[in-house]
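Undergrad: Those sequence lines, one after another, are chains A and B. With the first letter of the first sequence counted as 1, position 132 gets the number 159 in our numbering; the numbers rise by one all the way through. With the first letter of the second sequence counted as 1, position 19 gets the number 46 in our numbering; the numbers rise by one all the way through.
Since the hints were derived computationally from the structure, they do not count as laboratory data. A few of these clues could be false.
Claimed, not checked - Here are the simulated DMTMM-like cross-link-like pairs (lysine to aspartate or glutamate), alpha carbons at most 25 angstroms apart as the crow flies:
#1 A/K90 to A/E55
#2 A/K179 to B/D71
#3 B/K90 to A/D367
#4 B/K90 to B/D71
2 protein chains.
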Amino acid sequence: MGRNSAVVVPVDVSPSYQVRVGSGTLVEVAGLVAEATVAVVSDDRVAALYAQQLLETLEGAGKRCRLYTVAPGEASKTLAPYERLLRALATDGFDRGSAVVALGGGVIGDLAGFVAASFMRGIACYQVPTTLLAMVDASVGGKTGLNLPEGKNLVGAFWQPRAVVADVDLLRSLPARTFRQGAVEAYKHGLLADEGLWRRFQRGDITPDLEPLAMSAFVASAVRVKATVVAQDTFETGNRAHLNLGHTLGHALEAVSSHSLGHGDAVAYGLLFAGLLATGRGWRDLSDELAAFLEWVSPDPLPTPTFDQLEPFLDRDKKNLSGQRRFVLLRDVGDPVVVDDIDRDAQHSAWQALVRSYG
Amino acid sequence: MGRNSAVVVPVDVSPSYQVRVGSGTLVEVAGLVAEATVAVVSDDRVAALYAQQLLETLEGAGKRCRLYTVAPGEASKTLAPYERLLRALATDGFDRGSAVVALGGGVIGDLAGFVAASFMRGIACYQVPTTLLAMVDASVGGKTGLNLPEGKNLVGAFWQPRAVVADVDLLRSLPARTFRQGAVEAYKHGLLADEGLWRRFQRGDITPDLEPLAMSAFVASAVRVKATVVAQDTFETGNRAHLNLGHTLGHALEAVSSHSLGHGDAVAYGLLFAGLLATGRGWRDLSDELAAFLEWVSPDPLPTPTFDQLEPFLDRDKKNLSGQRRFVLLRDVGDPVVVDDIDRDAQHSAWQALVRSYG
Chain A
28 MGRNSAVVVP VDVSPSYQVR VGSGTLVEVA GLVAEATVAV VSDDRVAALY
78 AQQLLETLEG AGKRCRLYTV APGEASKTLA PYERLLRALA TDGFDRGSAV
128 VALGGGVIGD LAGFVAASFM RGIACYQVPT TLLAMVDASV GGKTGLNLPE
178 GKNLVGAFWQ PRAVVADVDL LRSLPARTFR QGAVEAYKHG LLADEGLWRR
228 FQRGDITPDL EPLAMSAFVA SAVRVKATVV AQDTFETGNR AHLNLGHTLG
278 HALEAVSSHS LGHGDAVAYG LLFAGLLATG RGWRDLSDEL AAFLEWVSPD
328 PLPTPTFDQL EPFLDRDKKN LSGQRRFVLL RDVGDPVVVD DIDRDAQHSA
378 WQALVRSYG
Chain B
28 MGRNSAVVVP VDVSPSYQVR VGSGTLVEVA GLVAEATVAV VSDDRVAALY
78 AQQLLETLEG AGKRCRLYTV APGEASKTLA PYERLLRALA TDGFDRGSAV
128 VALGGGVIGD LAGFVAASFM RGIACYQVPT TLLAMVDASV GGKTGLNLPE
178 GKNLVGAFWQ PRAVVADVDL LRSLPARTFR QGAVEAYKHG LLADEGLWRR
228 FQRGDITPDL EPLAMSAFVA SAVRVKATVV AQDTFETGNR AHLNLGHTLG
278 HALEAVSSHS LGHGDAVAYG LLFAGLLATG RGWRDLSDEL AAFLEWVSPD
328 PLPTPTFDQL EPFLDRDKKN LSGQRRFVLL RDVGDPVVVD DIDRDAQHSA
378 WQALVRSYG
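Excised from the complex, chain A in its bound form (with noise of 0.2 angstroms):
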């Protein structure tokens, strides 16, 4: 694949935005930026990397630009980084008319976007994620927010992209298992909706290793099921929710283990148990083709509280409506569904049985 020729998926949210993935396409940014003033926001580690590059074909195109970092990590998305963003963007004159880049993971995909959707009631944001993770599912979709510490993504918005560039290229950098876990989300959405893309990680076709050309289409077909589930269902009140297959549980690992473990470990975890639930239920057994994928991943080890301990994290998931414990289960692959009526020795089972094989 040459530079600049990109993969384009459409995400029909209104108004509508391309999610262009390819090889080199990171200077694809300042054709796409409209805004003649850009705040590229990003953290310390990445802009490293990739900064100078962005700025310089921004600068190019005719914009004036000016660089934000905040600390690489999960600390940074929270409020004090938001108001220092948002005070240091009034002091240096960005206006109604400038736009917010966010060059990083999901971290500052989430801190920029609600920076974006904020400043002066809302300004022009693009995503420009250089994570897998990033790529395949927090760049797409316009979901932002910080974390309280009462919980995650607590504060935030809906403020959909004018445009979300995957340079696939980024992610040479990335150490291999990095790679696998940010992969976790890509092989939920092709559980969730794409068996094909499903198929290609049970059969070990999926690795770090693969040619540009390959990678943009791993990366767009899970871009893909993302765009059309936001679609559906942009401000998540239906099937939107779908998306949460293995967060439940994965959720309530990130919190109990106060987020020393990573975010697709979680939910490579939280996979397997949605599946041995399923099973529970009389659908589609699924857990072997899930345990060969979460070896794949090899996640940190299992944190392992009593069930009776993890229960307050299970219901601390904001997606829980109603005070009843909700889990998107699959029937088969590519036809998820949402329960709330799974008894409380189901799942005490399927958290014993992940306990004795991963604890």
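Put chain B on the given structure of chain A with help from the hints.
TA: Chain B only, in chain A's frame:
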């Protein structure tokens, strides 16, 4: 007018909502709130007067409610109280199916509105304005916002309420001068788009002691102008900017006085300033009428910086898209236009005329 016979002004945004103006309409709030759990946000002063009645009607309708109050005044329209409210809502178990009811003036509407806009990426919001200013302006149209040290309303969102309830009985507790200051935005709405309303002011028909029926009709007519403008330009990309008539100087006067000059007073001066600029341009000379209105308002004394000192504050207004200083002027009553080519000498002269008369 009997209790509950409200004047209904529709706001045709998507989704549309109603502004219900009347005597005793506070009790209607419970019937309008669809959600089962309700966070009422108010300030200590307003809450002491009206919170109990509102909570009783909500609880009488089977809602679970909790009251949150902040200190009265502009200082509560900042990120610190915003964070405290968000954390309290999270701690107290509010979720995506809950509602926020903003009970208060413009500060509370802006603060509670932005909490609703961003808590769990947005929950239902109801505006219950308790001042004339908030009834005829801030509560309608979905603008929410907080101040930064760098300027006013630099953070916020467009977040339309599900309903607005304006109970004119609440205006009876206001001092007459507060009523007149609050009437400035209503007067501005008359100037912009309702000559009949404007003439009622000029004739002296608008007074703090209007009967409930007449008061409701007056408030509703001012709301109708705002609702029409908002429906035409929800996100202020066009003619909604006309609502800033009088506000370029008004905001500058507020800032230069460190907000010791109230908003109504500042805009009243700003309306006359805009009138002088329009007259200088050869448009209808309304300066006698505007001066008479200013006298009726009886504003606090005009701050008297030199024009050089004032200019940075004129340029800080966030509506300046391009670095040009923009003013909304009237070619005639009902015929506003945005101009950005008023030369500095003309501005300087108008300012000096204002200082000579009111400094």
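Undergrad: Give a verdict on every hint.
TA: Consistency of the hints with the structure:
1. A/K90 to A/E55: Holds: A/K90 and A/E55 sit about 14 angstroms apart, inside 25 angstroms.
2. A/K179 to B/D71: 30 angstroms, violated
3. B/K90 to A/D367: 24 angstroms, holds
4. B/K90 to B/D71: OK: B/K90 and B/D71 at ~22 angstroms, within 25 angstroms.
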